[in-house]
Amino acid sequence: MSSHARRAPRGNRRTTLAAVVAVGGLLLTAGGVYAGLNAIATNTTPQTVTSGTLKLTMANNGAGFSQNISDMAPGDVVNRFVDLTNGGTLDAQNLTLTVADGTPTKLTTDATNGLHVSVLACTTAAWVVNALTNTATCADIGGPTTVVNNSALATVSGTPASLVAGAVPQGSVYHYEISLTLPNQNETTTNGTLPVGTIQGLSASLTWTFNELQRSATTTNS
Amino acid sequence: MSAALGASVQAATVTPATAAEVALARHSAAVTTGSATWAALSTQLASAPYVPSALALTFAVAVTTPPPQYFWVVNTGTVSLTRAGYTVTETGSPGLTATVQACVGGTWNETTDACSGSITTMATSGAGLTSSTVVPAAPSARVRLRAVVSGPPTISAAVVTTSITVARTDARAATTTYS
Chain A
1 MSSHARRAPR GNRRTTLAAV VAVGGLLLTA GGVYAGLNAI ATNTTPQTVT SGTLKLTMAN
61 NGAGFSQNIS DMAPGDVVNR FVDLTNGGTL DAQNLTLTVA DGTPTKLTTD ATNGLHVSVL
121 ACTTAAWVVN ALTNTATCAD IGGPTTVVNN SALATVSGTP ASLVAGAVPQ GSVYHYEISL
181 TLPNQNETTT NGTLPVGTIQ GLSASLTWTF NELQRSATTT NS
Chain B
1001 MSAALGASVQ AATVTPATAA EVALARHSAA VTTGSATWAA LSTQLASAPY VPSALALTFA
1061 VAVTTPPPQY FWVVNTGTVS LTRAGYTVTE TGSPGLTATV QACVGGTWNE TTDACSGSIT
1121 TMATSGAGLT SSTVVPAAPS ARVRLRAVVS GPPTISAAVV TTSITVARTD ARAATTTYS
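For the record, the sequence lines run as chains A and B.
Note that the numbering used here gives residue 3 to position 3 of the first sequence, counting from 1, and the numbers run on in steps of one.
For any residue, its number in the numbering used here is found by taking its place in the second sequence, counting from 1, and adding 1000.
The shape of chain A in the complex, shown without the other chains (with noise of 0.2 Å):
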C-alpha cells in the first residue's frame, strides 16, 4: 500500500458534507413538528360580513329634469321639482348640488347677469305641483326651508351648494323646488341686431348632480 492515500476529489467532498448538511437539517425539522402541540378554535357558525351600499336616486315630481326650458327672458322663474332618496344600506352625510354646463355661455359663467338657482326643502311630504294651475304647495308648518338662496350657476358649479349639512340617514326622502331664474337686466336690441355681449339667445345644457358622501367610518367593540 502507498504511504501515500489516495484522496477523493475536493468536489465529491464538498457535495457529501452538504448532504450530510441536508438531512441533518430535516431531520431536526421533522422532530420539531411532532413534537409541537397545535390548538385551533372556530366559530361553528359561520360569521356573515356584508358591505353596505350607498344608494342616492332623483325622482321627477311634476315636469322635474325631464323637460327642456326655453326663452327665458329676464326676471322669469321656473321652478321645477324632484325627490332624491338615500335607497341605499348605509346613512350618509353632506348631501350637495353641482350644477355644470356643457356648453359654457354668458348663462352660465356670468355671476351677476347670469342663471341663478335657489333651492327649497318641503320636509314633511312631497310638493304639491300643478302645472294647470300654475301653484306648488308644501305642507311644511311655516312653509319651504330655503337651503340654496340665489346662488349664481357660476358659482354652483365650481363650488357645489349645500342642501343637507349633517347626517343623510338610511331611507331618507328630500323634497325639493329647484328655482331657476334668470335676473333682471335691460338690453336693447336695434333693428334686430342683438347687442354685444348679449344675454339673449342663449343656450345651456346643464347637468345636475346630487353628491352625498358616505357616513364616517365606525370602529364597533362588541
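For the record, the hints were derived by calculation from the structure and aren't laboratory data.
Take these hints with a grain of salt, some might be off.
[Said to hold, decoys possible] Ranges between beta-carbon positions, derived for each pair:
1) A1137/B to P104/A: 31 to 39 Å
2) T103/A to A1060/B: 33 to 41 Å
3) A1060/B to T207/A: 57 to 65 Å
Just so you know, even glycine gets a beta-carbon here, dropped at the ideal spot from N, CA and C.
Keeping the supplied structure of chain A fixed, place chain B upon it in accordance with the hints.
Below, chain B alone, put in the same frame as chain A:
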C-alpha cells in the same frame, strides 16, 4: 418540563377608511335651458331671411308729394312684444318731413293709399325716439306700416330711414312657472 399551552383569538385592529375609500352616491340629470330674444326690424321683404338693419327708403325728386312707401315691421325675437321704439330720419332733401304711419284697426289699400281703420302717426323725423304700442306682438308676426314725406317740392331725392329698438321692458313681463 411543564409547558403551559394557550390558545387565543385576538381581534385585529380595524383601520378606518381613508378619504380615497369614501363612497359617493350621485344622481345627475341634463336639461337644456335657453334665453329669449326680443327684437324687431323693418323690411320690405315679404319673408325671412331678413337683413338686420335700419330700413332706408328713397323718395325720388318730385314736383308733387311723392307716394307713400309701405314696409313691414317684423317681430324677429322669440317673445311677444308690447311696444317698440321708432326713430325716423330724413336726409337728402332739407325741408321735408317724414312720418311713419300705421293703419290701426284696419288694413291699407296700397293702391289707393287708403286705410280702412284709423291712420296713426307713429314717428316723425326730427322728433327722436317715439315709443309706440303698434308692434307685431307674437314672434314672427308682422305689421304693415308706411312712410310718407311732406313739404315743398324737392330738388333732390329724400332718404327716409326707419330704425326700431326693442328694450327688455318692451317685451312680455317676467313669468314664474311651476311644473
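Structure versus earlier hints - violations, ascending order: As far as the earlier hints go, only 2 is violated by this structure.
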